[in-house]
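**Q** Start from the sequences and build out the full structure, keeping to the hints where you can.
Protein chains: 6
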Amino acid sequence: MENKKIGEFNKSDKIESFFLVKNVECKITNNSTTNKYLDFTLIDSTGEINAKLWECTNDIENLIKDNMLVKVRGVVNEYRGKLQLKIDKVRFATEEDNINIDDFILVAPYKSEDMFEVVLDFIDKIGNKDIKNITETIISSFSEKLMHYPAAKSNHHAIKGGLLYHITTMLNAAERLLEIYTYLNKDLLYAGIILHDMAKIEEMESSELGIVSRYSTEGQLLGHITQGVSLIENAGMSNNADKEVIMLLQHMILTHHYEPEYGSPKKPMIPEAEMLHHLDVLDARMYDMKKATKDLKPGEFSEKVYSLDGINVYKSLI
Amino acid sequence: MENKKIGEFNKSDKIESFFLVKNVECKITNNSTTNKYLDFTLIDSTGEINAKLWECTNDIENLIKDNMLVKVRGVVNEYRGKLQLKIDKVRFATEEDNINIDDFILVAPYKSEDMFEVVLDFIDKIGNKDIKNITETIISSFSEKLMHYPAAKSNHHAIKGGLLYHITTMLNAAERLLEIYTYLNKDLLYAGIILHDMAKIEEMESSELGIVSRYSTEGQLLGHITQGVSLIENAGMSNNADKEVIMLLQHMILTHHYEPEYGSPKKPMIPEAEMLHHLDVLDARMYDMKKATKDLKPGEFSEKVYSLDGINVYKSLI
Amino acid sequence: MENKKIGEFNKSDKIESFFLVKNVECKITNNSTTNKYLDFTLIDSTGEINAKLWECTNDIENLIKDNMLVKVRGVVNEYRGKLQLKIDKVRFATEEDNINIDDFILVAPYKSEDMFEVVLDFIDKIGNKDIKNITETIISSFSEKLMHYPAAKSNHHAIKGGLLYHITTMLNAAERLLEIYTYLNKDLLYAGIILHDMAKIEEMESSELGIVSRYSTEGQLLGHITQGVSLIENAGMSNNADKEVIMLLQHMILTHHYEPEYGSPKKPMIPEAEMLHHLDVLDARMYDMKKATKDLKPGEFSEKVYSLDGINVYKSLI
Amino acid sequence: MENKKIGEFNKSDKIESFFLVKNVECKITNNSTTNKYLDFTLIDSTGEINAKLWECTNDIENLIKDNMLVKVRGVVNEYRGKLQLKIDKVRFATEEDNINIDDFILVAPYKSEDMFEVVLDFIDKIGNKDIKNITETIISSFSEKLMHYPAAKSNHHAIKGGLLYHITTMLNAAERLLEIYTYLNKDLLYAGIILHDMAKIEEMESSELGIVSRYSTEGQLLGHITQGVSLIENAGMSNNADKEVIMLLQHMILTHHYEPEYGSPKKPMIPEAEMLHHLDVLDARMYDMKKATKDLKPGEFSEKVYSLDGINVYKSLI
Amino acid sequence: MENKKIGEFNKSDKIESFFLVKNVECKITNNSTTNKYLDFTLIDSTGEINAKLWECTNDIENLIKDNMLVKVRGVVNEYRGKLQLKIDKVRFATEEDNINIDDFILVAPYKSEDMFEVVLDFIDKIGNKDIKNITETIISSFSEKLMHYPAAKSNHHAIKGGLLYHITTMLNAAERLLEIYTYLNKDLLYAGIILHDMAKIEEMESSELGIVSRYSTEGQLLGHITQGVSLIENAGMSNNADKEVIMLLQHMILTHHYEPEYGSPKKPMIPEAEMLHHLDVLDARMYDMKKATKDLKPGEFSEKVYSLDGINVYKSLI
Amino acid sequence: MENKKIGEFNKSDKIESFFLVKNVECKITNNSTTNKYLDFTLIDSTGEINAKLWECTNDIENLIKDNMLVKVRGVVNEYRGKLQLKIDKVRFATEEDNINIDDFILVAPYKSEDMFEVVLDFIDKIGNKDIKNITETIISSFSEKLMHYPAAKSNHHAIKGGLLYHITTMLNAAERLLEIYTYLNKDLLYAGIILHDMAKIEEMESSELGIVSRYSTEGQLLGHITQGVSLIENAGMSNNADKEVIMLLQHMILTHHYEPEYGSPKKPMIPEAEMLHHLDVLDARMYDMKKATKDLKPGEFSEKVYSLDGINVYKSLI
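Residue numbers (the working numbering), protein chains in the order written: chain A, 1 to 318; chain B, 1 to 318; chain C, 1 to 318; chain D, 1 to 318; chain E, 1 to 318; chain F, 1 to 318.
The hints are simulated quantities; they were obtained by calculation from the structure and are not laboratory data. Some hints could be false.
All copies of an identical chain are treated as equivalent in the list; a pair is satisfied when it fits inside any one copy or across any two copies.
[To be verified] Derived lysine to any residue pairs resembling SDA-like cross-links, with alpha carbons at most 25 Å apart:
no., residue 1, residue 2
1, Lys304, Glu244
2, Lys36, Tyr262
3, Lys71, Asn155
4, Lys86, Glu136
5, Lys14, Val281
6, Lys125, Arg176
7, Lys315, Ile180
8, Lys297, Glu205
9, Lys243, Ile139
10, Lys294, Asp103
11, Lys243, Ser216
12, Lys11, Thr57
13, Lys89, Ser17
14, Lys266, Gly219
15, Lys315, Asp242
**A** Rendered as structure tokens:
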């Protein structure tokens with residue numbers, strides 16, 4: 001019996017560890033009309049795994065729910081090329097176990113409170129009054145949810161605090177590139193970065209663990225780009241902001257995906273919008289590349305990464 | 001000397017008629033540094049033609065301006081495969097000439113006032129209070145410009161009153177199709193039709209003759225679909241309308257071009273949005289097909305029509 | 001034990017009802033070389049479901065065949081996210097059960113005989129002799145199969161009598177739109193609608209229940225558009241029709257899918273062909289949207305609908 | 001004064017030679033309302049050139065017509081990067097000049113009569129009675145026009161006798177490849193080659209010089225692929241041929257352009273159709289490559305060739 | 001018990017035959033944590049099949065390895081629409097069984113030694129010294145691996161000796177087409193054919209049975225086209241060859257896939273490169289078509305063939 | 001008479017200034033066979049303009065050549081919507097005029113010598129011996145031409161020293177982003193940036209003024225990406241470098257255009273290649289955006305910029 005993390009599992013390992021129940025469902029086995037089993041998705045900070053408890057009593061069925069911390073004993077198996085955990089025993093964690101839920105989910109490498117401070121510092125650097133007001137109005141209305149929201153449902157930065165992590169990394173990169181491309185308008189760029197994905201909080205529904213369960217109705221019918229344009233419309237109105245400022249910020253939100261088929265009906269027509277688009281893509285890709293190669297040995301290729309156009313990332317020998 | 005309309009011109013015709021000056025500019029001839037000439041675009045209700053006045057005195061240059069009515073004498077020539085009018089004499093029209101500017105531009109076949117009445121009648125048929133309020137708020141803020149705005153710069157319904165003509169034809173078609181597809185929500189469909197292109201009035205700048213000179217700055221950076229979503233956002237707020245209603249109307253505006261590359265980042269997800277899209281395309285195409293075949297003889301093909309995917313329309317013998 | 005329709009099934013329901021066997025096959029279970037089971041697709045008027053009879057004797061294997069009506073007792077289960085019926089007992093329906101096969105399949109909402117009358121009425125409205133003759137010749141050669149043919153294998157109007165239902169709805173819509181777009185040739189449009197999909201009867205092989213089993217060899221090598229052009233070629237010859245009429249009807253058939261990748265090598269060049277295309281798409285989409293939302297509660301989204309470009313249809317709250 | 005061919009013209013050459021008038025039109029000069037000039041397209045066997053006769057009397061205007069042979073004296077000029085002939089004197093050729101019109105147009109390198117014999121020889125090699133009959137029926141109905149028809153309006157084999165040249169080259173290539181791919185059905189392949197473009201004779205209108213003036217109405221509304229399918233339908237019927245044979249030949253015609261956007265709604269499903277497609281493309285490309293490099297010096301690139309996907313063909317040094 | 005080949009298997013057959021183990025892996029059954037089974041891919045000269053040995057002892061697990069010849073007794077079953085062999089007994093083949101491994105894999109129809117001779121003969125026909133030297137240098141460095149390498153991992157010519165088979169068939173076809181298109185440079189064409197896919201030996205790792213296990217690291221990062229260009233670079237340098245020759249051969253390798261999305265960043269600009277591309281595609285397709293129809297009865301369609309754009313190949317009745 | 005720069009010209013200006021003759025050609029006027037004129041393209045540091053000298057004596061024709069500095073007197077005219085200079089008098093510049101050719105062309109804002117120093121400094125920062133050697137070998141073989149080569153024929157950085165300017169800006173940006181994305185390999189990234197476009201020097205032929213006249217033969221047949229891969233092959237060989245290093249650098253060159261249709265047959269599979277691609281595009285776009293807006297007034301749009309996907313760049317009011 002080993003106390004291993006999911007990322008370290010090998011076929012045939014016998015495991016005894018704590019996990020977070022991302023999802024649990026009672027099902028009936030294939031070849032019978034009565035045999036029930038519990039089908040789990042378990043996660044810890046290193047990954048996720050499917051698990052089965054083949055004998056499922058009513059007791060257990062009623063006790064174990066999503067988002068609980070449980071202690072599990074079982075064997076690592078392989079099914080259709082993927083590892084799977086066969087559970088022998090499961091109980092839920094108690095206070096005496098003395099474990100912390102944040103150790104079981106993927107979280108950004110910085111504390112949300114600190115990252116939020118960084119965002120506020122950058123807002124302070126915005127000189128244009130109207131741009132600053134609009135940014136502050138919007139950020140303050142989302143400040144609570146920002147603490148845990150991921151930046152996506154399953155792509156880049158799909159971790160607790162991921163949206164803040166994405167924004168702050170981009171802000172830091174932007175500050176440096178402004179030293180090179182000095183003709184850009186700093187105010188527009190910082191505001192654009194802070195606001196570009198803010199409406200994802202309205203588009204997706206996320207638990208406090210940073211796990212997205214579904215897209216909202218409005219998210220499906222309108223999408224975060226259109227929702228983001230409306231956020232700026234409203235914040236602009238309530239701040240009585242200059243028309244040009246509202247229009248430019250809306251243009252930056254509208255164009256930041258660049259391609260129509262990714263949701264941007266217009267292409268960037270100001271350099272700050274162009275820069276915003278590249279910072280966004282670059283940060284997403286650097287994140288996904290890092291994640292894909294994290295567990296590789298030198299000389300190995302990752303699985304296909306769909307968010308990276310389906311390539312296999314290579315971990316070089318040098 | 002003949003009093004002919006532009007649509008009837010043949011090579012070598014000697015012409016003496018009235019025209020509207022759509023555009024006039026003073027230029028210097030190719031092989032000299034001093035010889036000036038006036039370069040005109042003349043229109044009447046049947047079409048437009050390029051015209052040259054080779055001897056251009058300062059007097060004339062200062063007198064003749066855009067949007068004036070003029071009387072012209074000249075010969076029809078051909079240059080690079082297109083007819084061109086060589087002007088011998090030009091003067092502007094006086095009261096005694098007793099001509100009406102509306103006879104010189106392309107106008108919708110119904111009076112704007114009457115078409116506007118039709119729109120109001122359809123608004124009366126809308127039962128849902130919020131939908132009705134939003135529609136009324138928006139239509140009333142554009143009522144004046146609606147009287148002359150065309151539906152496009154150079155495609156379908158690019159005529160004075162063209163936007164109203166497009167809307168009312170679609171409303172009439174919708175009313176009939178609702179008898180067939182009875183499960184559709186009449187209120188949403190009528191409101192969607194009335195509002196779908198309303199923001200074109202903000203996207204384009206048109207003279208009172210229904211001639212679009214340019215796209216507005218906001219029109220270029222945002223486009224009428226995004227602008228239209230904001231119109232509904234604002235009208236919805238000011239009418240304190242139901243969130244669902246606002247969202248559905250925004251969804252209809254957002255999706256009415258259907259394809260991302262034509263400006264719709266989402267596809268229709270409710271049947272009324274789907275129907276709106278088809279009525280829009282159908283009416284545009286029926287208009288363009290009619291226009292393309294109007295002057296053809298049976299058995300002839302039109303020029304390539306770019307708004308119809310570049311086809312040559314055929315006028316059949318039966 | 002409940003007498004429920006498939007559309008009403010919930011997980012764990014115990015069912016005792018009549019169904020139509022759309023398909024039945026004897027298979028051997030996964031982990032053995034001898035255990036046989038029967039794998040069914042059962043349908044009734046509300047939908048279809050996979051069903052398993054895990055103990056399969058030779059008797060039952062030889063008795064139960066496709067297209068039979070059976071009485072089934074069992075439990076509703078879930079497998080890979082889909083409902084599945086575990087059969088405890090099955091027998092076939094007898095005369096005493098007094099059930100009617102038409103109650104077990106999806107059928108058009110109107111009687112085929114009545115819809116056929118509608119088609120004949122529209123043919124009567126065709127003034128042009130040649131168009132009328134060609135239409136009558138073709139319709140009469142398919143009149144028997146028209147009574148049950150669906151309009152597609154699995155997309156829109158894939159129901160018994162679906163082809164007639166599609167045609168008559170389009171004819172009714174066309175009649176109304178001709179009041180708006182009065183310059184269209186009524187004869188061409190009615191004939192085009194009636195004939196546009198007629199060759200599907202040669203392209204697909206359908207049972208009398210309106211269920212398509214396969215595409216014919218000619219259907220695969222040529223397709224219903226090319227086959228339809230040949231139908232008109234032959235009917236035109238045998239009626240000694242005007243060349244222009246034959247060509248125009250062929251052009252309408254050829255172009256009604258509009259896009260090359262959907263089988264139309266040419267685009268509509270006459271307004272009647274353009275209108276035919278839009279009526280065809282519109283009717284298919286209105287049908288699919290209605291079907292997708294039929295069982296939704298307000299506020300819900302349907303599954304992805306592939307024939308609607310993969311969207312999830314939304315059932316609005318208003 | 002030199003007696004040069006068009007292909008040898010250089011700027012400033014003074015020319016006195018015979019040409020064929022491909023096209024002549026009377027126009028009025030740019031800066032006047034009365035000065036007429038004649039605008040010619042002149043050709044000889046080496047190419048074509050635009051030519052101007054700036055003083056145009058009524059006499060000359062009425063005498064010189066399309067397709068005449070003329071003797072011209074003039075100077076080679078350059079206008080917008082292209083050579084142009086300024087005509088000083090023009091008269092038409094008389095019997096004494098003793099020149100032959102075939103020396104002034106692009107013609108296939110073999111006599112049409114000989115190439116037609118080759119086609120007949122290949123028909124003799126077809127063993128299947130029905131295939132042979134259909135091929136013979138169609139070829140005999142077009143035998144006269146085949147003598148001069150080109151294979152295209154402006155692409156590959158756009159020369160007098162070009163269609164026959166294209167067919168016979170493909171037949172010769174097919175015969176050789178049948179030695180390699182022995183499992184192919186020779187009868188289908190030979191018939192497919194002979195018939196694949198035959199309907200181009202109905203699609204385009206060509207003069208006896210092999211110059212296509214326009215597409216026919218039916219050619220525009222249906223296209224040679226659909227027309228070709230009908231040819232086989234009719235020839236199949238009149239020969240009472242086997243359904244399978246008709247279907248296979250129609251399939252070959254239907255699929256020979258391979259891509260939907262080039263007019264083939266289905267892809268080849270039998271190896272003979274696949275081979276036909278490749279022989280067709282290969283022969284067209286080999287022709288266009290040869291034509292593009294004919295006048296190049298080693299180390300030079302040709303102009304962009306649109307029929308070769310816009311490449312510049314390179315004439316190598318080895 | 002029958003001694004059948006895989007290609008002849010029907011459901012429920014009881015089999016006792018020899019097979020080659022393409023792949024074997026020990027797995028744990030779905031519903032248990034301990035039950036192991038062996039999962040095989042077995043092949044013989046007629047095809048491949050999945051097989052299961054449900055009781056797997058440690059002995060057997062350790063004995064049976066990839067690429068071994070085994071004798072198997074079992075029953076043919078069907079799982080998810082595919083045949084599967086349930087193994088009752090397995091042992092490995094001994095010398096007394098007197099079987100030859102070449103009878104169990106797919107091999108080219110000619111002996112590799114003979115095909116290699118053909119290649120050498122064609123090299124002899126190359127007149128240009130530099131082209132000949134480069135070709136010889138490269139061919140000699142790969143001569144050993146050429147004896148067994150296939151031309152692809154899973155597409156056309158994925159058989160032992162497949163690369164040589166592909167090359168020699170193309171050479172024979174080229175020789176014949178050079179009689180038709182006489183203006184082509186024979187030396188370039190022969191060398192281009194011989195070298196076009198040579199770097200596949202560096203791109204893929206193949207066993208001596210002609211079975212590709214994986215792509216090499218360099219193959220994934222660069223691809224055989226780029227690797228092939230480097231082969232010529234190096235062989236050209238070491239032979240001190242003419243720059244033009246090196247460039248032309250590199251151009252031929254670079255362009256032979258024609259489309260950028262298939263790996264060719266440039267399109268053929270010399271006729272020999274164009275011809276090479278067509279011979280390559282043609283030979284691949286003729287091979288795949290033949291393979292797809294081999295086991296069909298007349299009138300039947302094959303499964304979808306992905307390398308043939310997803311079509312179903314038809315075996316005609318004539 | 002004004003001493004204006006081309007960028008300041010307005011219609012009707014009378015000009016007397018110095019220009020560089022980018023191109024001069026003697027032509028014959030349109031309506032005559034004898035009248036010659038000189039057709040110029042003149043440039044200075046602010047732009048380029050077409051100019052005509054209508055009376056052209058043999059003297060002048062023989063004196064004025066490309067790349068000369070001339071003094072011109074004339075009038076600014078407009079022809080087909082573009083400004084054009086009618087030359088009254090022209091002479092070439094003499095020593096007394098005391099002008100410097102570098103003031104008449106577009107040059108990078110830093111001295112080439114200084115930028116080259118920057119590149120050398122970055123090479124010094126490369127720790128990996130093999131990467132450093134390969135980079136040094138290549139850079140030293142192109143050091144002379146690097147001093148004046150532009151980065152493109154007509155797109156971004158098409159100025160004297162533009163290639164160095166592009167490289168050094170990217171290096172500076174890379175250095176800053178490495179502080180953010182610390183897991184990247186600095187050595188690979190710096191080398192990749194320095195080498196990515198180096199083969200453009202072989203692909204294009206540029207004068208010492210940084211003006212590209214044409215693509216080289218090898219550039220057209222292979223392209224700078226394939227040529228760059230060969231550069232690394234050769235430098236790697238001669239430095240006896242590690243295979244992995246050669247492969248990784250080749251992979252970076254190969255993938256830096258990302259899309260197959262822009263010349264990259266593979267996509268980036270290591271993070272350094274991904275970063276290189278983004279730095280390249282970002283720097284090109286920031287350059288083109290800056291250039292497009294340089295002469296705009298706030299609130300104006302630029303012309304369509306083809307290298308920026310055809311957008312009109314907007315100069316904002318804030």
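**Q** None of the hints should be skipped; say for each whether it holds.
**A** Hints versus structure:
When the C-alpha separation of Lys304 and Glu244 is checked against a cutoff of 25 Å, the pair qualifies only between copies, where the shortest distance is 22 Å, while the shortest distance within a copy is 44 Å. With identical chains, the CA atoms of Lys36 and Tyr262 are never at most 25 Å apart, being 42 Å at best within one copy and 47 Å at best between copies. For a Cα distance limit of 25 Å, the shortest separation of Lys71 from Asn155 qualifies neither inside one copy, at 29 Å, nor across copies, at 48 Å. Neither within a single protomer nor between protomers do Lys86 and Glu136 lie at most 25 Å apart by alpha-carbon distance, with minima of 50 Å and 57 Å respectively.
For the identical chains of this complex, Lys14 and Val281 are neighbours neither inside a copy (41 Å) nor across copies (50 Å), given an alpha-carbon limit of 25 Å. For the identical chains of this complex, Lys125 and Arg176 are neighbours both inside a copy (14 Å) and across copies (20 Å), given an alpha-carbon limit of 25 Å. For a Cα distance limit of 25 Å, the shortest separation of Lys315 from Ile180 across copies, 20 Å, qualifies, whereas the shortest one inside one copy, 30 Å, does not. When the C-alpha separation of Lys297 and Glu205 is checked against a cutoff of 25 Å, the pair qualifies only between copies, where the shortest distance is 20 Å, while the shortest distance within a copy is 36 Å.
With identical chains, the CA atoms of Lys243 and Ile139 are at most 25 Å apart both within one copy (20 Å) and between copies (22 Å). For a Cα distance limit of 25 Å, the shortest separation of Lys294 from Asp103 inside one copy, 18 Å, qualifies, whereas the shortest one across copies, 45 Å, does not. Within a single copy, Lys243 and Ser216 get their C-alpha atoms only as close as 30 Å, which misses the 25 Å cut-off; across copies the closest is 13 Å, which meets it. When the C-alpha separation of Lys11 and Thr57 is checked against a cutoff of 25 Å, the pair qualifies only between copies, where the shortest distance is 18 Å, while the shortest distance within a copy is 27 Å.
Proximity of Lys89 and Ser17 under a CA criterion of 25 Å is satisfied intra-copy only: 11 Å inside one chain copy versus 40 Å between copies. Taking the shortest alpha-carbon separations for Lys266 and Gly219, both the intra-copy value of 20 Å and the inter-copy value of 11 Å come in at or below 25 Å. In the homo-oligomer, the alpha carbons of Lys315 and Asp242 lie at most 25 Å apart only across protomers (16 Å), although the nearest pairing inside one protomer, at 50 Å, exceeds that limit.
The structure does not agree with the numbered hints 2, 3, 4, 5 stated previously, though it agrees with the rest.
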